[in-house]
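Colleague: Listed below, chain by chain, are the residues.
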Amino acid sequence: AQKITQTQPGMFVQEKEAVTLDCTYDTSDQSYGLFWYKQPSSGEMIFLIYQGSYDEQNATEGRYSLNFQKARKSANLVISASQLGDSAMYFCAMREGNTGGFKTIFGAGTRLFVKA
Amino acid sequence: DAMVIQNPRYQVTQFGKPVTLSCSQTLNHNVMYWYQQKSSQAPKLLFHYYDKDFNNEADTPDNFQSRRPNTSFCFLDIRSPGLGDAAMYLCATSRGGTSVSNEQFFGPGTRLTVL
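First to last, the protein sequences are chains A and B. Here my numbering is used: the first sequence runs in plain steps of one and ends on residue 116. Here my numbering is used: the second sequence runs in plain steps of one and ends on residue 231.
If we strip away everything but chain B, and leave its shape as in the complex, we get (with noise of 0.2 Å):
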């Protein structure tokens, strides 16, 4: 089945050590994202990417940062995290182009902790 993996689901760093997420996705979509989402709270988008061109939110802290070097990956880097760093990290696809009937397809997430 077509889908979007995450790996790991789980995540524990230290304080300050740098870490990187993946997502990889099998639906041949444009369009990739990440969101950060806090318990009980909206998912936020840190950045998205159609095809190479990368779109960073104005509010996306520089510590964040992303690669996507095919169609099918995507990573999150996060240079030197913090407590308040601790979260969800979603990814999604969408198909490119401008139809607002495209919905997003998620990932199962990344839980990160850090210590």
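This is chain A alone, in the form it adopts within the complex (with noise of 0.2 Å):
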């Protein structure tokens, strides 16, 4: 079964708008992290945001929130006031606690494209 799900593999916005990223997991594990990284087409991944999964309140960094429903099982990436240099690769990932070591376990992927 797949650890982690995304279900869009493209997805297109309104410059300005916001964007809904959709992420689902799968563990056993009481403690474990979320990630979501983006990737521009120069390649480099960059991190974003983190949800632990004791973490009450949903994380949020500047105009990146992570609506983390933890009976759901989905950790789904919001941007707001999308910009063009928004468009990239967003990938989901997560990190188990008692099972992952220290490995990240990445989703597929969503391709974002930001209209003008």
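Be aware that one or more of the hints could be misleading.
Said to hold, decoys possible - Computed list of lysine-lysine pairs in BS3-like fashion (alpha-carbon distance at most 25 Å, straight line):
id : chain 1 : residue 1 : chain 2 : residue 2
1  : A       : K16       : A       : K70
2  : B       : K133      : B       : K160
3  : B       : K160      : A       : K73
4  : B       : K154      : B       : K133
5  : A       : K3        : A       : K103
6  : A       : K73       : A       : K103
7  : B       : K160      : A       : K103
8  : B       : K133      : A       : K3
9  : B       : K160      : A       : K3
10 : A       : K115      : A       : K16
11 : A       : K70       : A       : K103
12 : A       : K103      : B       : K168
13 : A       : K3        : A       : K73
14 : B       : K154      : A       : K103
As the list claims (entries may be wrong) - From the structure, some residues in chain B lie toward chain A, with a derived Cβ separation under 10 Å:
id : residue
15 : S156
16 : Q157
17 : L161
18 : T187
19 : F189
20 : F191
21 : T214
22 : R227
23 : T229
What the hints assert, rightly or not - Some residues of chain B that are not near chain A, with every Cβ distance over 10 Å (derived):
id : residue
24 : T142
25 : D175
26 : E219
Hints listed in this document are in silico derivations from the structure and should not be mistaken for laboratory results. All of these numbers come straight from a predicted model, not from anything done at the bench. No residue lacks a Cβ here, since even glycine has one placed at the ideal position from N, Cα and C.
Dock chain one against chain two, each of which comes alone in its own frame, and use the hints as you go.
Modeller: Put into structure tokens, the structure is as follows:
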């Protein structure tokens, strides 16, 4: 079974609007961390935001927020006020506390296109 | 600024000709990773080091080897590149310890072309 599922291969959003990128995960660990990374066409993976499984508040970092619904095992990324520079590939990832060691598991990614 | 550096950024090699990719870090992180990423796919973990301890993924071909002579440097050796090995190779680091909050810091990647 997939550990991280991103069901949207591609998404379009109008500049200045908000967009939600979906991510669901599967783990039996109680302790885990969820990450979102951005990968522009240049190739470098850029860390955006982190949510711990025990965190009660949804994580926010500037224009990025993570809509964490633990019971549904979802960790959707919300980008507010989209900018042209947000066009990139976005990966949801998970690090498991008990069984994962030092590995990070990545989803297949969502390619975001921001339209002017 | 502390960072992860990969050299070269672009590497062209011939089918079967050994190639070495390098990664260095100034973050003093315990863990270093090598990923292979093909176009529009998720990064695929090849192996990682915790300090000197080497951890190979079960499905990493024997054609791929790695060395970590010290904390700062890690190398990826492809002994006999095939056309299927053409990809972006990403190096990443993270702090040691078992905290799930340890995010990975990535280098800019090396894009490998095999002719």
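Colleague: Run every hint past the structure and note whether it holds.
Modeller: So, going through the hints one by one against the coordinates:
no.	hint	result
1	K16(A) - K70(A)	violated (29 Å)
2	K133(B) - K160(B)	holds (23 Å)
3	K160(B) - K73(A)	holds (23 Å)
4	K154(B) - K133(B)	holds (20 Å)
5	K3(A) - K103(A)	holds (12 Å)
6	K73(A) - K103(A)	holds (19 Å)
7	K160(B) - K103(A)	holds (11 Å)
8	K133(B) - K3(A)	violated (36 Å)
9	K160(B) - K3(A)	holds (14 Å)
10	K115(A) - K16(A)	holds (9 Å)
11	K70(A) - K103(A)	holds (21 Å)
12	K103(A) - K168(B)	holds (16 Å)
13	K3(A) - K73(A)	holds (11 Å)
14	K154(B) - K103(A)	holds (19 Å)
15	S156	holds (7 Å)
16	Q157	holds (7 Å)
17	L161	holds (6 Å)
18	T187	violated (15 Å)
19	F189	violated (19 Å)
20	F191	violated (19 Å)
21	T214	holds (7 Å)
22	R227	holds (7 Å)
23	T229	violated (14 Å)
24	T142	holds (16 Å)
25	D175	holds (13 Å)
26	E219	violated (5 Å)
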